[in-house]
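Participant: The primary structure of each chain is shown beneath.
Protein chains: 2
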Amino acid sequence: MEFKISRELIHELEDLIKSRNDRQLEVLLNDMHHADIAEILDKLDFNEATYVFKVLDSEKTAEILLELEDDLRENILGRLSAKEIAEELDELETNDAADIIGELSQDLKAEVISELLDVEHAKDIVDLLRYDEDTAGGIMHKELVKVNENWNVLTCVKEMRMQAENISRVHSIYVVDDEDRLKGRLSLKDLLTTSSRTAISDVYIRKLNSVKVNTEDVEVARIMQKYDLEAIPVVDELGRLVGRITIDDILDVIKEEADKDYQLAAGISQDIEADDSILEHTKARLPWLVLALLGGFVTVKVLGLFEPAMEEHGKLFFFTPLIAAMAGNVGVQSSAIIVQGLANNSLSGSLFSRLVKEVMLSLLNGLILAIILFLGSHFLLDVEFIIGFIVTIALVSVIIIASLIGTFIPLLLEKFGIDPALATGPFITTSNDICGILIYFSIAKMILGF
Amino acid sequence: MEFKISRELIHELEDLIKSRNDRQLEVLLNDMHHADIAEILDKLDFNEATYVFKVLDSEKTAEILLELEDDLRENILGRLSAKEIAEELDELETNDAADIIGELSQDLKAEVISELLDVEHAKDIVDLLRYDEDTAGGIMHKELVKVNENWNVLTCVKEMRMQAENISRVHSIYVVDDEDRLKGRLSLKDLLTTSSRTAISDVYIRKLNSVKVNTEDVEVARIMQKYDLEAIPVVDELGRLVGRITIDDILDVIKEEADKDYQLAAGISQDIEADDSILEHTKARLPWLVLALLGGFVTVKVLGLFEPAMEEHGKLFFFTPLIAAMAGNVGVQSSAIIVQGLANNSLSGSLFSRLVKEVMLSLLNGLILAIILFLGSHFLLDVEFIIGFIVTIALVSVIIIASLIGTFIPLLLEKFGIDPALATGPFITTSNDICGILIYFSIAKMILGF
Numbered sequence: 001m002e003f004k005i006s007r008e009l010i011h012e013l014e015d016l017i018k019s020r021n022d023r024q025l026e027v028l029l030n031d032m033h034h035a036d037i038a039e040i041l042d043k044l045d046f047n048e049a050t051y052v053f054k055v056l057d058s059e060k061t062a063e064i065l066l067e068l069e070d071d072l073r074e075n076i077l078g079r080l081s082a083k084e085i086a087e088e089l090d091e092l093e094t095n096d097a098a099d100i101i102g103e104l105s106q107d108l109k110a111e112v113i114s115e116l117l118d119v120e121h122a123k124d125i126v127d128l129l130r131y132d133e134d135t136a137g138g139i140m141h142k143e144l145v146k147v148n149e150n151w152n153v154l155t156c157v158k159e160m161r162m163q164a165e166n167i168s169r170v171h172s173i174y175v176v177d178d179e180d181r182l183k184g185r186l187s188l189k190d191l192l193t194t195s196s197r198t199a200i201s202d203v204y205i206r207k208l209n210s211v212k213v214n215t216e217d218v219e220v221a222r223i224m225q226k227y228d229l230e231a232i233p234v235v236d237e238l239g240r241l242v243g244r245i246t247i248d249d250i251l252d253v254i255k256e257e258a259d260k261d262y263q264l265a266a267g268i269s270q271d272i273e274a275d276d277s278i279l280e281h282t283k284a285r286l287p288w289l290v291l292a293l294l295g296g297f298v299t300v301k302v303l304g305l306f307e308p309a310m311e312e313h314g315k316l317f318f319f320t321p322l323i324a325a326m327a328g329n330v331g332v333q334s335s336a337i338i339v340q341g342l343a344n345n346s347l348s349g350s351l352f353s354r355l356v357k358e359v360m361l362s363l364l365n366g367l368i369l370a371i372i373l374f375l376g377s378h379f380l381l382d383v384e385f386i387i388g389f390i391v392t393i394a395l396v397s398v399i400i401i402a403s404l405i406g407t408f409i410p411l412l413l414e415k416f417g418i419d420p421a422l423a424t425g426p427f428i429t430t431s432n433d434i435c436g437i438l439i440y441f442s443i444a445k446m447i448l449g450f
Numbered sequence: 001m002e003f004k005i006s007r008e009l010i011h012e013l014e015d016l017i018k019s020r021n022d023r024q025l026e027v028l029l030n031d032m033h034h035a036d037i038a039e040i041l042d043k044l045d046f047n048e049a050t051y052v053f054k055v056l057d058s059e060k061t062a063e064i065l066l067e068l069e070d071d072l073r074e075n076i077l078g079r080l081s082a083k084e085i086a087e088e089l090d091e092l093e094t095n096d097a098a099d100i101i102g103e104l105s106q107d108l109k110a111e112v113i114s115e116l117l118d119v120e121h122a123k124d125i126v127d128l129l130r131y132d133e134d135t136a137g138g139i140m141h142k143e144l145v146k147v148n149e150n151w152n153v154l155t156c157v158k159e160m161r162m163q164a165e166n167i168s169r170v171h172s173i174y175v176v177d178d179e180d181r182l183k184g185r186l187s188l189k190d191l192l193t194t195s196s197r198t199a200i201s202d203v204y205i206r207k208l209n210s211v212k213v214n215t216e217d218v219e220v221a222r223i224m225q226k227y228d229l230e231a232i233p234v235v236d237e238l239g240r241l242v243g244r245i246t247i248d249d250i251l252d253v254i255k256e257e258a259d260k261d262y263q264l265a266a267g268i269s270q271d272i273e274a275d276d277s278i279l280e281h282t283k284a285r286l287p288w289l290v291l292a293l294l295g296g297f298v299t300v301k302v303l304g305l306f307e308p309a310m311e312e313h314g315k316l317f318f319f320t321p322l323i324a325a326m327a328g329n330v331g332v333q334s335s336a337i338i339v340q341g342l343a344n345n346s347l348s349g350s351l352f353s354r355l356v357k358e359v360m361l362s363l364l365n366g367l368i369l370a371i372i373l374f375l376g377s378h379f380l381l382d383v384e385f386i387i388g389f390i391v392t393i394a395l396v397s398v399i400i401i402a403s404l405i406g407t408f409i410p411l412l413l414e415k416f417g418i419d420p421a422l423a424t425g426p427f428i429t430t431s432n433d434i435c436g437i438l439i440y441f442s443i444a445k446m447i448l449g450f
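Going line by line, the protein sequences match chains B and D. Numbering-wise, UniProt numbering puts 385 at position 385 of the first sequence, and it's gapless, one number per residue. Numbering-wise, UniProt numbering puts 269 at position 269 of the second sequence, and it's gapless, one number per residue.
A couple of the hints might just be wrong.
Which copy is meant is left open, so a pair is good if it fits within one copy or across any two.
To be verified - Result set (DSSO-like, lysine-lysine): computed pairs, CA atoms no more than 30 Å apart in a straight line: (1) K83 - K226; (2) K301 - K54; (3) K60 - K183; (4) K226 - K60.
Think of the hints as simulated: they come from the structure by calculation, not from any bench. For clarity, every value in this text was computed on a predicted model and none was experimentally measured.
Make the full structure from the sequences, and use the hints.
Facilitator: Shown next as structure tokens:
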């Protein structure tokens, strides 16, 4: 039961836009989900999209705004006045509104805030703007239902109905004391099944998880996943209830984190998408390529050291890409396992036992690969026995060293508070290329003595 | 406010286990969250963990079982009788119970099912076992609250209280007709604010998303994220309501999918964790290394074709790892962008425009890198002008070709219904190594004519 955008629909819309048939546009789009409309607008050009956007009702457009691709949203916001933007924000939840304000220029920000109609809402939004976006404060929203521990169930239900009007999902009702300090929670189900004269203090659950405003967002995600929570309250330094984080906020954090690790492993250093501009792609990709190029300079230098081998044992040089590739692949495998283990908090045991395990693993893999290589060098590649022997010995050594480097570097980065995912990708492959080639030719030199 | 396992706690537990002090063990663990206890058990050895597990109450152990690492769970289940396992499953939600039964041997499965006390529960679990684990049916649970459209609010609240007893999170109340066909939904909030004589058919919301039992799990995840749903009902071919999927089920799907893509990009072919056995690691890693090794054989052959260059232009061979590394890195960047774009459904435009964009991007990156390389080869690497010139030309060509291969292959795989993430990692780097070296030496041969 999902909506799919057809080419015909896009054509129909384009025709309606061309003929300025606003009435028909509204009829066509009115029944659609805002996420679907956003998907449609992303397929139109900026002018068409803005036109449609202005035709629609602000109740709908506010939600659409959230779902648009960044560049289209920026473009549309650029064509709205401060007052028009404020009208959109009045319709949104506090954290969504704060996110959009956060994208505006400093001057426009103040102007938009002053145009917000609902003063309470404006206060909440301004409050949220204070927090760092990677913290619980940065992802929480102010919409929540709270009751005083001194009330009874009847007052509580009345209050709750009032408060819940603007909240799409209630989840839990939080219980606070007179100073607004978080004391516990009530479930909707409990409310439905308790007599209306009961005092709240007699029924609420005193044990509940909460996080501080400055807790890192990935930590919040970890806690909510571990304890299987659908919402978690956020408290300030004094233990006062200041906001709430729901599981859909956390979904974004988890996806972003996974995307970031994936991109880092592929040598892409900021969050970019396929449809971003060439300049943004260059900014994200070029630094890693420069790193790899400089690493390449080092491999040229290293190979230069062994130039004397060329005359008699030139075939040795045919194997450098093979050795480098194996070192790179093994290193990336090892570091990816560590990076994921760190991210999922699933690493146990000491560094030493981990390194021992990697050595065992590399020995096993290395020996199997060595047999293939040794046979291959003899039957397929047709090189002298001694060359095949050297390459095989080098392969096993390189695999062991590469896996140790791959294991050690992310753990080291983590120790120094640097994102271990930086270690994967070009960084590991480049350093392993260099080490691998150095080891290979050193072994060759020892055996052949050139 | 999160629990951290201390070394002291583990020691204390180990002492209590040694002295068989069950009473004290229970006191110590009774107040802890099951997720924390699972984390503790994972740190103990199998015998200790099983001992503690048997001391605890089945209400608690059932939930713990779900959170344990696979190997410990397997070990503990192996030491329980069919009846004991059934006791655990009686405490669990249907989909969790079905997941655990799915891990048992065929014989044990039947035996455990026959020992389940709650017949309704057993029927639901058996029903769930029918579905493929990667489909909506495979991740849904049977716990949900449903009411008949012909009831009034009062009957509905009564029924709901009864049904909701075993359900931790109500979310929505589904409305069905006499044939159990899904008609719409009611929110808890609406129930709280509607008079008790109102007919359900007058208040329920008729529009709602649902998925079919055989919808793929990643598709369900996409729909729930797009429409920001916390729960989605699952219907069979006849439109009858058969289950429900909540956002926490989807969280697992999203994480698994992200982990899988990440591991594939790193050349690891099944879902493994750092703490899995060496044999499992070898099974997951070795195939990719063999692929890379065979690719390496091809590079040796390719270089062999250009052996005549060695006498006069031996320095050319110093640059093969550099060229191969650049080709690999560029290819992985391009393919990672495509794989993520496909996963997030955010690719727009034609294949042609995408390839044109990649060429523009590679030209820009390539030119900047070419300048660095050309200057570097002259001032740092001290090679003749002509070699520097050849390497520079080759670099730009290789970057363009590698990015086209990186873009094209995942799109091609997707077209044939193969997971495009397979394209990233060793596959792309290996094929780009080969192409890169071939292009480089072909250009050298054209210019130098050896």
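Participant: Hint by hint, which ones does this structure get wrong, listed from lowest number up?
Facilitator: The structure conflicts with hint 2 only, although it agrees with all the remaining ones.
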